[in-house]
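Taken in order, the sequence shown gives residues 1 to 109; the numbers are from the numbering used here.
Keep in mind that a hint or two might mislead.
What the hints assert, rightly or not - Here are the simulated SDA-like cross-link-like pairs (lysine to any residue), alpha carbons at most 20 Å apart as the crow flies: (1) Lys91 / Val74; (2) Lys91 / Lys28; (3) Lys28 / Gly17; (4) Lys91 / Leu45.
Unchecked claim - Estimated spans, in silico, between C-beta atoms of each pair: (5) Gln60 / Arg23: 52 to 62 Å; (6) Trp27 / Val74: 28 to 38 Å; (7) Val57 / Leu93: 18 to 28 Å; (8) Ala88 / Arg37: 30 to 40 Å; (9) Leu83 / Leu21: 54 to 64 Å; (10) Trp27 / Thr52: 32 to 42 Å; (11) Gln60 / Arg29: 42 to 52 Å.
Simulated from the structure, these hints should not be mistaken for laboratory data.
Even glycine gets a Cβ: it sits at the ideal position worked out from N, Cα and C.
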Amino acid sequence: MSLPPTHLLVAAGILLGWVLLWRIAAWKRRRSLDATRSSDRLLSLFGRVVLTAGLIVGVQWVVIVTAGGNRALVVAVLGIPALFAAYALTKALTVKTVVDTPRVRGGRR
């Protein structure tokens, strides 16, 4: 049984089309998973931030209510978390230039 060249070309085209469709579907699945993973990370970060903020506010409230007359304790309870928050915000909002970041590639110049 001999197949004409046109049938072989059509079969090769169909096979190539299936491979391309399979690769495109895999690429879209990977992008969808990456997007889901990044939104999960954002939600997890948001939850941890809210929980930590609630814990800090709770401790501050307890100290202010119970030891309102002790000014040094109130200043410490309000000031220390403010210092940590200021450090985190400053670090997050500081713009890094290309010169500031370390080189990733190996080798010397």
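Taking the hints in turn, this is what the structure says about them:
1. For the suggested pair Lys91 and Val74, the alpha carbons sit about 26 Å apart, so the restraint of at most 20 Å is broken.
2. Our distance criterion of 20 Å between C-alpha atoms is broken by Lys91 and Lys28, whose separation comes to about 35 Å.
3. Using a Cα cut-off of 20 Å, the hinted pair Lys28 and Gly17 holds, with the two alpha carbons roughly 16 Å apart.
4. The suggested pairing of Lys91 with Leu45 holds, with an alpha-carbon distance near 17 Å, which does not exceed 20 Å.
5. For Gln60 and Arg23, the Cβ-Cβ distance of about 55 Å falls inside the hinted range of 52 to 62 Å, so the restraint holds.
6. Checked against the hint of 28 to 38 Å, the C-beta distance between Trp27 and Val74 comes to roughly 57 Å, which is inconsistent with it.
7. With their beta carbons about 23 Å apart, Val57 and Leu93 fall inside the hinted range of 18 to 28 Å.
8. At about 24 Å, the beta-carbon gap between Ala88 and Arg37 misses the expected band of 30 to 40 Å.
9. Restraint check, Leu83 to Leu21: a C-beta distance of roughly 56 Å satisfies the suggested window 54 to 64 Å.
10. About 38 Å separates the C-beta atoms of Trp27 and Thr52, a value consistent with the hinted range of 32 to 42 Å.
11. In this structure, Gln60 and Arg29 meet the distance hint of 42 to 52 Å, their C-beta atoms being roughly 47 Å apart.
Checked against the numbered hints above, the structure breaks hints 1, 2, 6, 8 and satisfies the rest.
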